[in-house]
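Chains A and B, in that order, are what the protein sequence lines are. Quick note: the first sequence uses the working numbering, first residue 9, plus one each step. Quick note: the second sequence uses the working numbering, first residue 6, plus one each step.
Hints may be right or wrong, so weigh each one.
[What the hints assert, rightly or not] Okay, derived cross-link-like pairs now, DSS-like style, lysine-lysine, Cα gap no bigger than 30 Å in a straight line:
#, chain 1, residue 1, chain 2, residue 2
1, A, Lys305, B, Lys106
2, A, Lys123, B, Lys106
3, B, Lys13, A, Lys208
4, A, Lys123, A, Lys70
[Said to hold, decoys possible] So the derived label-pair ranges between C-beta atoms look like this:
#, chain 1, residue 1, chain 2, residue 2, range
5, A, Glu310, B, Gly239, 34 to 42 Å
6, A, Gly76, B, Asn67, 53 to 61 Å
7, A, Trp58, B, Ala60, 33 to 41 Å
8, A, Gln204, B, Leu32, 23 to 31 Å
9, A, Ser124, B, Ser114, 36 to 44 Å
10, B, Leu264, A, Phe122, 14 to 22 Å
11, A, Val307, B, Ser223, 34 to 42 Å
By construction, these hints were calculated from the structure, which means they are not laboratory data. Since this is a predicted model, take the numbers as computed values, not measurements. Backbone N, C-alpha and C define an ideal beta-carbon position, used for all residues, glycine too.
The primary structure of each chain is shown beneath.
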Amino acid sequence: MTMNSTPTAQRSLFDRLADMDERMLAVCLLAPAFIFISIIVVYPVATLVWNSFNDVRLLTGKPARFAGIENYLLVMSDAQFWRAVRNTLIIVFVTVPGALVCGLALAMLANMPFKSRGPIRLALLLPWAMPLAFVGLIFAWFFNSEYGVINDVLRRFGMQPQIWFNSGPLTLMAICIATIWKTSSFMALILLAGLQTIPKSLYEAAEVDGASHWRQFTDITLPLLVPSMLVALIFRTLTAIQSFDIPYSMPGPGEETQTLAMYIHMNAVDYLDLGYSSALAVVMFGLSMATTFVYLKYVRAEGK
Amino acid sequence: MNNVLTAKRLRWFAAAIVLLNGFFPALWILATAFKAEVELTAKPITWFPRDPTLANFMSAFNDQPLPAYLLNSIIVALSSMVVSLFIASLAAYAIARLNLKYRGAILTSIIAVSMFPLVTLMVPLFEIMRGLNLLNSYWALVLPYTVLNLPICTLVLTSFFQDIPRDLENAAMIDGCTRMGALWRVVVPLAAPGVFTAGILAFVNSWDEFLLALSFNSAAAYRTLPVGIQMYQGEFSFPWPTISAALVIAMIPVVIVILIFQERVVSGLTSGGVKG
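Work out the full structure: start from the sequences and follow the hints.
Okay, here's the thing in structure tokens:
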């Protein structure tokens, strides 16, 4: 009987063994990545959500206690939370479009036919590689009221120098300028790569048809850049919602220019109030997820 | 003729704007680092140091343990880079080569990690690290940085692995290599440019990270550069020339990295951006 078994049956058995082998191999290869992700992302996020429904104040020395939605009710009636949200939204709505416009301008300038591209590329890479915390310090020095270069330039042009960090709105403005400088060059690198994929023949054809440079920009460049813009915008918006390093290094008066991330950090690390800071973090998480969904919806609509 | 001239002038103008925008802050810090305290308080301010001094670099080293901060940053960035490259190349090989049913879903779920706001991870990780007594240790940063680097490393490596012809791998296996042997001896070396690109991006990401470093490692012995550099300021004093000198020193490693690997970095950033 065994002698009569067909070769095809034998092969399928062998195939199945090979399949098993391949599947086992896949599991083994993917396991380290997913174990790490579970420990550093999945488990902490679960703890975060659980803590947000508990009263976990380490400084009181009392054991954690289930508190239902108390933390969330506190968040809703917390004036400093709303101020932090307002500051964060100002930063998002100023620096995301700001970085897009400046990044597009930088990309267009950098896309001109230069003989050597090296220095131009370095000029776009340096702001990207500079840590945000350094950028915050450097711009804090630029906006220094006595010896800062910004006030010096204002004086030279006969304008009134400002004591930037004594006023909330002026501090926020300085934070936004620093953030736009830091992030626009990354935006420019992405858009530059997008610009270089646009076929030259399109512009030549438009030239023949007598289209103005502005028409070429609005009818060829912009529409063809939309895919690379969307990707850059998603990441820029998500990081703007988390703004921490630059506002932390450029503090305004008191807590007036605190961002949501700074407020979460203060509650968790300084006050060790893990329940309340977890509830705040869940709110930020929701904000980020909502942003991602809005963008993805737009990307899908764009794809159709 | 006239047209050619204006086009040339326009190019110079464009180059000047891009270069000034990119380099001015760094150059300004460099100039400040060589200025003496007296010159700094002069009004109107001087744009170039009149009387260059190295005193600020001396105090940058004397006021804070700058070499220790540098070393901590290098240890943390390098170890998280190596671990994420190793884990990501295993995962990328499985995604690029094996006959997987949910290939797309697996890659997406790894990339989704980069969508999580770091601040929301910071709160529970702070509690976990505190519970495990890992605050103020290299572990507190290397473990999270490794995971934060996984998405970009996996993305870059997968696209590079996909471009390597299967025949080379099969030939190695016929010559008696195991599948894993073929991965380490054939696939990874051939994808060296990709490994480099992913490695540099991972290194710079960890090098720049501030929030976790500030929250987890506040003890001087484990501070990384972005945190350590904030320590020069007193409650009311901002020794700007010293801070500038420290910033200059702190920026040297990354400037070297982007000088040597600029093409790799750009291709990595844009491929990640376009495909992500």
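**OP:** Could you see if the CB distance from Glu310 of chain A to Gly239 of chain B stays within 34 to 42 Å?
**Re:** Violated, at about 52 Å.
Subject >> Outcome of range test on Cβ distance (Gln204 of chain A, Leu32 of chain B; 23 to 31 Å) >> reply: holds (28 Å)
**OP:** Take the C-beta atom of Trp58 of chain A and the C-beta atom of Ala60 of chain B, compute their distance, and say whether it sits inside 33 to 41 Å.
**Re:** With a Cβ separation near 54 Å, Trp58 of chain A and Ala60 of chain B fall outside 33 to 41 Å, so the hint is violated.
**OP:** Starting from Lys123 of chain A, check that the Cα of Lys106 of chain B is at most 30 Å away, please.
**Re:** Distance of about 48 Å is beyond 30 Å: violated.
Original post:
Can the restraint linking Lys13 of chain B and Lys208 of chain A be considered satisfied, given a maximum Cα separation of 30 Å?
Top reply: Given pair Lys13 of chain B, Lys208 of chain A holds - Cα atoms ~20 Å apart, limit 30 Å.
Original post:
Range hint 36 to 44 Å: satisfied by the CB atoms of Ser124 of chain A and Ser114 of chain B?
Top reply: Holds, since Ser124 of chain A and Ser114 of chain B (Cβ atoms, about 43 Å apart) stay within the stated range.
Original post:
Does the Cβ pair Gly76 of chain A, Asn67 of chain B satisfy 53 to 61 Å?
Top reply: holds (54 Å)
Original post:
Are the Cα atoms of Lys305 of chain A and Lys106 of chain B separated by 30 Å or less?
Top reply: Roughly 26 Å between the alpha carbons, so the hint for Lys305 of chain A and Lys106 of chain B holds.
Original post:
Between Lys123 of chain A and Lys70 of chain A, is the straight-line Cα distance small enough, at 30 Å or below?
Top reply: violated (68 Å)
Original post:
Does the Cβ distance between Val307 of chain A and Ser223 of chain B fall inside 34 to 42 Å?
Top reply: With Cβ atoms ~40 Å apart, the hint holds.
Original post:
Taking 14 to 22 Å as the hint, is the beta-carbon distance of Leu264 of chain B and Phe122 of chain A inside that range?
Top reply: With Cβ atoms ~18 Å apart, the hint holds.
Violation of the numbered hints given earlier is confined to hints 2, 4, 5 and 7; the remaining hints are satisfied by the structure.
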